[in-house]
Amino acid sequence: MTDNTLELQQEEKQFSLAKDAFDRLIANKLALVGMLLVVFLFFIAIFGPYITPYDFLSQDLMARNQAPSWAHWFGTDDLGRDIMSRVIYGARTAVIVAFSTTFLSLIIGIFMGSLGGYFGGKVDGFIVWLIDITMSVPSLLLVIVINVSMKPRLVNWMDEQFLLTGNEFYRNTILVDFVLVFGSLALIKWPKAARIIRGQIMSVRNKNYVLAAEAIGVPTTKIVMKYVIPNSIGPIIVYISAALGEAMVFESSFSFLGVGVRPPIPSWGNMISDGLRVWQLYPHILAAPAAVLALVTIAFSFLGDGLNDALNPRQWK
Amino acid sequence: MTKLLEVKNLHTRFKVRNGYLYAVNGVSFTLDKGEMLGVVGESGCGKSVSMMSLIRLLPPAAQITEGEVLLEGQDLAKASASEINTVRGSKVGMIFQDPMTSLNPFMKIGAQLCEGIMYHKKMSRAEAMKQAAKYLDLVGISNSEHRLHEYPHQLSGGMRQRVMIAMALLGEPELVIADEPTTALDVTIQAQIVELVKELREKLNMSIIWITHDLSLLAGMVDRIMVMYGGSVVEEAPIDEIYKNPRHPYTIGLLKSIPSINTVAGSRLPSIAGAPPNLFVEPQSCPFAPRCAYRQERCTREIPPLEPVADDSAHPKHRIACWVDVTKVNAEPKEGSVL
Amino acid sequence: MGRYILFRLLKWIPSVFILLLLIYALVFFGAGDPIKLIFLQAPGDVAYDPDRVEAIRDAAGLNRPFLVQFIDYLGNIAHGNFGNSLVSGRSVNSMISAALPVTLKIGLTAIFLLSIIGIILGVIAALNQNKLLDNLIVGFALIVWGIPVFVAGPLIIVFLVLVMDMDVPYGWSGLFSFKVIVPLLVLGLNPMALIIRQARAGVLEVLSEDYVRTARAKGIPNYQVVVKHIMRPVLTPVVSQIGLLVIATLNNSILIEKVFGLPGLGRLTETAIKTSDYPVILAIVLIFSTVVMASNLLVDISYPMLDPRAAAKKTGDE
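Residue numbers (my numbering), protein chains in the order written: chain A, 310 to 626; chain B, 203 to 541; chain C, 752 to 1069.
So here's chain A without its partners, still in its complex pose (with noise of 0.2 Å):
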């Protein structure tokens, strides 16, 4: 019997961690089921307005509210408008807001997030201060507050452009709805990020090859290239994951209390908000947006737990 335990050693070494992540997340069926259906969704977004045989605003006022159909996969509604076409508009409603606002929100947490980490002390103490408040403030109501507090003034200020530059682009009064959710939404999320890259600078700093690499004048940069951001990277994406799909839901929340994005722009809460007022005479309204809606937030719960536990390994015990 040859001693073979050295072999075994040299194996396990081979394993970067990437890898070993990755296939993990693969191996749960569930986190990958999420994850296609993730990808679909991306697809849709983009292209989906393109491949869809109606027009989402066109109506058709002999067609109005019939149940789904060959013609119309998902019905009509009450503007006689293809219901499908609607929803996968919908889709790209959400998945702009989703992106611009975790994007946003990782630019705010991380400078934030690093402001405290790396000067400590007052600083720091403040910033925690301030990430606290942030979230102990009921989301909902803070974010509709300034939704609807902002909206007033910002659409007649994009007015008041037009008339002095007769730039086409302030006509877009749609945008501010989408700034404003968007922009509030980070505002609200931001302390999560800020805690994860606070909580990594913090633990780097202590660490005693850190302090060891200082001494030797190893520049700051470097540190936080080498230690920082690998380790960080880890609960970024999970981080990412989780309010990529919190975000779609807060923001159909506020289309469904007619705050943000209105109709005729779909957005999945704004079309459910239309169904809850006819669904016992056609149930089809709110089922489409609601059913879209529930499979995508699960596939987003799905994905994330994967991903959580391909990162953060806790079976090797």
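Mixed in with the good hints there might be a few duds.
[Claimed, not checked] If you want a taste of the chain A side facing chain C, the calculated C-beta under 7 Å gives, among others:
| id | residue |
| --- | --- |
| 1 | ALA380 |
| 2 | LEU439 |
| 3 | ILE440 |
| 4 | ILE442 |
| 5 | SER445 |
| 6 | LEU449 |
| 7 | VAL454 |
| 8 | SER458 |
| 9 | PHE565 |
| 10 | LEU585 |
| 11 | ALA599 |
| 12 | LEU604 |
| 13 | ILE607 |
| 14 | PHE609 |
| 15 | SER610 |
Calculated directly from the structure, the hints in this document are not laboratory data.
Just so it is clear, CB atoms sit at the ideal spot from N, CA and C, and this is done for glycine as well.
Since the structure of chain A is provided, determine the placement of chains B and C on it from the hints.
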């Protein structure tokens, strides 16, 4: 001396990601009433797992695949869950290695001590607390009635280990298994605990199995020593015999590597070359062979059985698992090692 | 302990103050003029009399400078006077005291009931790790976790009414009516999912602890090991989630009350925002934040009770 425990050909393995880990491979021994057995071996040799297998205190991934564990005639390896529960805590008591984590930090000491005997002996809470206080006194904890109402974090490491001992003894067991009870304690406390155990053993006349990786600790304490390696027993003999007349190459290596007061200052500490065996394959030959200076061809082909030493100069109860007679063969030590 | 509470309160007050200031400013400088809105029933309607609007505004004190109004407001709050609704003229206090109990009853019941169910399910899942029961429970929690209440609510309603042929659960008839079960369920689904995962993770961690092994070594039956040794440590992480739960439930109550027609704070909020009725909005913000802060405080206080080690740290006893 009456036989208390008889273990026959015990095999335990763990289910792991891509197969099994063969932790215990054919362990057999007997234990008489009132006897104290020391089990020695390095980390991973299977000493803890084999003794925990006796009362089936194993994680879900582990299974006993073969063998019998006869405690006063009852086979524990095949007993039902409720039968095992009757044995644990009343016939067999356990003392664990790390007193800092082995007590529940959320429960008071008194509650933890009492729950076992309240269940086994159907005592009331008041009776059990009285009993618990008695045993706390026995293990040398002062102010015992007050202590019962404290939480583990309020006690020092040494005191917690004493509580563990009291907890094991409360059920008035016939056998106590102590799994490295002093390894996590500092040396002075270690000595106190050893003294305590010796004292208690005389008073209560229990059988004790003491597991450790420190051979020198057992001198002057145990009756018999069992040396384990790679999941099997390689040598077993009364304590004096082991020190005077070790016959297995591994035991010899162990003894040689213990620094003594006679060691020349500045000389190299002897060691055994090689690495621990790979337990992910079921052993087909002697587990120590790759590192053995006395290795012969047969050692790499067949597993040597545990048998009494053939030599008349050896003690009649001395058994080893080896194909080679070290008194007749010359060693070929590996580079820098004692073997 | 008393000092600790005081300390936390001191931290809380400036936060709420700033929040109030922020919202006050937002509504003040931002949204439409509530008086104008009353007159402008249809967009583009110019049949309102600007002078009349100004007169009403003056009478209501709405033309004074920002800070004056704000300080005045603070003074009133200190006396428990939240002002009157700009839309209906009713006192805000009465509006809130009508609506608050509804939201509280539903919210608290949902959190409480479904947390308990969640803990039980989580423990069961952990004890059967990787077997069918575990996968079912975890899968259920995962599915339920993400679905927004205004999606789950309508879907369930549609199912109950169209498929099961039940009555529409709309409106409020008190806490012990049959109708309340559906909104309670929908509101509680998200908290339950969170608690299930938290409890399960907690139990799994505890299961591998040495002291559980010690307990088993004493030969006590399994149910005793679970109840006495495993449940206690699990409570701490579960309770720590309650702060998050309260926030989420408050958010969700706004949505739920619209779907199920419940006359609670959520509904009040929605209408108040649409009409820029800012005395109401401000009072609600104050209440929401107070509730959140209070629950965070309660959670914090409970730690020493749940974990003796934490208690020792607080009183410096080691």
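Proposed interface contact between ILE442 (chain A) and chain C, which counts if any beta carbon pair is under 7 Å:
ILE442 (chain A) check passes; min Cβ-Cβ to chain C is 4 Å, inside 7 Å.
Hinted contact LEU585 (chain A) with chain C - closest CB pair below 7 Å:
Nearest chain C Cβ about 6 Å off; hint holds.
Taking 7 Å as the limit, does the beta-carbon of SER610 (chain A) come near enough to a beta-carbon in chain C?
Where the cut-off is 7 Å and the nearest Cβ of chain C is about 4 Å from SER610 (chain A), the hint holds.
Per-residue hint verdict: PHE609 (chain A), partner chain C, C-beta under 7 Å
holds (6 Å)
Would you check whether LEU604 (chain A) satisfies its interface hint, that is, whether its CB is within less than 7 Å of any CB in chain C?
Since chain C brings no Cβ nearer than about 9 Å to LEU604 (chain A), farther than 7 Å, the hint is violated.
For the hint on VAL454 (chain A), does the least C-beta distance to chain C fall short of 7 Å?
Holds, about 6 Å.
Using the nearest Cβ pair, does PHE565 (chain A) come within less than 7 Å of chain C?
Holds, because the Cβ-Cβ distance from PHE565 (chain A) to chain C comes to roughly 5 Å (cut-off 7 Å).
Regarding the hint that ILE607 (chain A) lies at the interface with chain C, is the smallest CB-CB distance below 7 Å?
holds (5 Å)
ALA380 (chain A) as an interface hint toward chain C, with CB separation required under 7 Å
violated (23 Å)
Mind checking the CB of ALA599 (chain A) against every CB in chain C and telling me if the closest is under 7 Å?
The hint holds - ALA599 (chain A) has a Cβ within 7 Å of chain C, the shortest such distance being about 5 Å.
Cut-off 7 Å, beta-carbon criterion: hint that LEU449 (chain A) touches chain C
holds (4 Å)
Hint validity - ILE440 (chain A) Cβ closer than 7 Å to any chain C Cβ
Constraint on ILE440 (chain A) not satisfied, violated at 11 Å.
Of the numbered hints stated above, those contradicted by the structure are hints 1, 2, 3, 12, listed in ascending order.
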